[in-house]
Amino acid sequence: MQARFDSAKPVAANHVPLSPISHLNRAATVYADRTAIVYGARRDDYATFAATVRRIAGGLRALGIGRGDTVSVIAPNIPELYALHYAVPMVGAVLNAINTRLEPETVGYIFDHADTKLVIADSAYLDLVDAAFGHLGGTRPVVTIIDPAAPGRVRDRAFDTLLDGPAFQGDGLPGDEWQALSLNYTSGTSGRPKGVIYHHRGAALMALGTVAAWAVPHQISYLSIVPMFHCNGWCHPWMLPLLGAKMVFTRDPVPEKIFAAIAAESVTHLGAAPIVLQMLAESPAAPATPFAPRIQAMTAGAPPPPAILEKTGAMGLDVMQVYGLTETYGHISQCLWRAEWGQLSAAEQAEMQAHQGVAFPMVEGVAVIDRATGAPVTPDGATQGEVAIRANTVMSGYYRDPAATETAFQDGWFWSGDAAVVHPNGYMQIRDRLKDVIISGGENISSVEVEAVLYRHADVLAAAVVALPDPKWGEVPRAYVELRDGTAPTAEAIIAHCRQHLAGFKTPKSVVFGPLPKTATGKIRKFELRQQARAEG
1 MQARFDSAKP VAANHVPLSP ISHLNRAATV YADRTAIVYG ARRDDYATFA ATVRRIAGGL
61 RALGIGRGDT VSVIAPNIPE LYALHYAVPM VGAVLNAINT RLEPETVGYI FDHADTKLVI
121 ADSAYLDLVD AAFGHLGGTR PVVTIIDPAA PGRVRDRAFD TLLDGPAFQG DGLPGDEWQA
181 LSLNYTSGTS GRPKGVIYHH RGAALMALGT VAAWAVPHQI SYLSIVPMFH CNGWCHPWML
241 PLLGAKMVFT RDPVPEKIFA AIAAESVTHL GAAPIVLQML AESPAAPATP FAPRIQAMTA
301 GAPPPPAILE KTGAMGLDVM QVYGLTETYG HISQCLWRAE WGQLSAAEQA EMQAHQGVAF
361 PMVEGVAVID RATGAPVTPD GATQGEVAIR ANTVMSGYYR DPAATETAFQ DGWFWSGDAA
421 VVHPNGYMQI RDRLKDVIIS GGENISSVEV EAVLYRHADV LAAAVVALPD PKWGEVPRAY
481 VELRDGTAPT AEAIIAHCRQ HLAGFKTPKS VVFGPLPKTA TGKIRKFELR QQARAEG
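When we follow the working numbering, the leftmost residue of the sequence shown carries the number 1, and every step to the right adds one.
No wet-lab data here; the hints were simulated from the structure. Mixed in with the good hints there might be a few duds.
Derived Cβ-Cβ restraints for the label pairs, each shown as a range [stated by the list, open to error]: (1) Arg534 to Ala41: 52 to 60 Å; (2) Leu344 to Lys509: 31 to 39 Å; (3) Ser396 to Ala260: 24 to 32 Å; (4) Gln169 to Ala339: 48 to 56 Å; (5) Thr519 to Lys472: 30 to 38 Å.
Where is the CB? At the ideal position from N, CA and C, for every residue including glycine.
Based on the sequences and whatever the hints tell you, model everything.
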């Protein structure tokens, strides 16, 4: 009997490849007259947006772009980049959104490594493209976006020329949902960035899972802050058409423009890194009273200090922390709010919100595992292991790097390289990158825990803690601190502040003041600080 059931095979009537392109196809009809895009005076409904996407896709095809071709895009968050998230994969090509803050040498490396066939660049970044070509030792065809907010010269051809020919016809779905959709490069905190391959299936499921995990209602007003070069904006651009939702653009995500857009467009949802939340909470442009109704905010990228969560909560942002990596399409776990937390103080709530929480609905497995035994760690909030993930929203692999892919995929899991504990309530909390754990006298010290205490000091703008070699203890914590303008605390004062909140062995033994090295995505380049500490130890 079982064999008869197993013999069934999928056919066109019951198997359609999963793809976020389906989301826009549906929205073009179901939500045709709803606003899809707001950018200054521009307001496009879904019928207009979908038609524009098809015209761009037709233009790309006329340039010879097809299945498997990489289209690299360098642009801020503007409607054209949003449209390219659909137009490029619609013709079977692969979208490679490049970080606009990268240096020319790395951009040239990405052009080469990604096998870029076409570059689409906002005119403000043409100098970056030219410099990257210099490092590359060659050029690629360039299509130039001329944004009215940042006009400039055109190289090769203007973006609007893509709209001149016949529009793309057909549903635009891939023949295989495992087909590559986008190529995202890691931030390169420890060397050359790696190319992470996303497939259509993973992107579609990430979008669907985010709706459920964030409990997103229909017709939200979403403010575009998360750079679309970062995990494709956490895949939110592929989620919004599902809901007939509005995407609001400011081009430059500075506090003044963000607050103005929130007020003008009744923003209900946004995503932002902790550093952006900190900027908003401390901006002179912040409204005098909390947002009403409260805004649903998602944050990720680094464990947010509880002090920042407390400040943003007071200004009317309900912040949910999520956790993920470039290799997992962004967020795969969430700090899901628990009713009993409502009885806690604001500071205690912020402490709970700093946990990375539980798996997203579309994620089959997130576990914290002892690599030595292969068993999940005891959920005691103290025993550390490595975060391992199993899901449809895990990359298909690193582009042109089978060795790194094999290392990342072992024993049926993707290994994150992040050290974490699991609390008795089942919520995961990141303690550190494994390479950032400090082992002092046989005791493990979480640099994240020490950094959270440093951020509670009123004069500290940014902080990083790394291991300093020590002849007695092996390693001790050293703090690197970037101060707020106009402040000048002593190292002794910073250490005394930490001693009030930490065990003695966790307290930094030295403090170095100065600007902290950061990646183009704003992450602190701890490997440089580790090298500096080793050289000075």
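We went through each hint and held it up to the structure:
no., hint, result
1, Arg534 to Ala41: 52 to 60 Å, "holds, 54 Å"
2, Leu344 to Lys509: 31 to 39 Å, "holds, 33 Å"
3, Ser396 to Ala260: 24 to 32 Å, "violated, 40 Å"
4, Gln169 to Ala339: 48 to 56 Å, "holds, 51 Å"
5, Thr519 to Lys472: 30 to 38 Å, "holds, 34 Å"
In this structure, only the earlier hint numbered 3 is contradicted, and the remaining ones agree with it.
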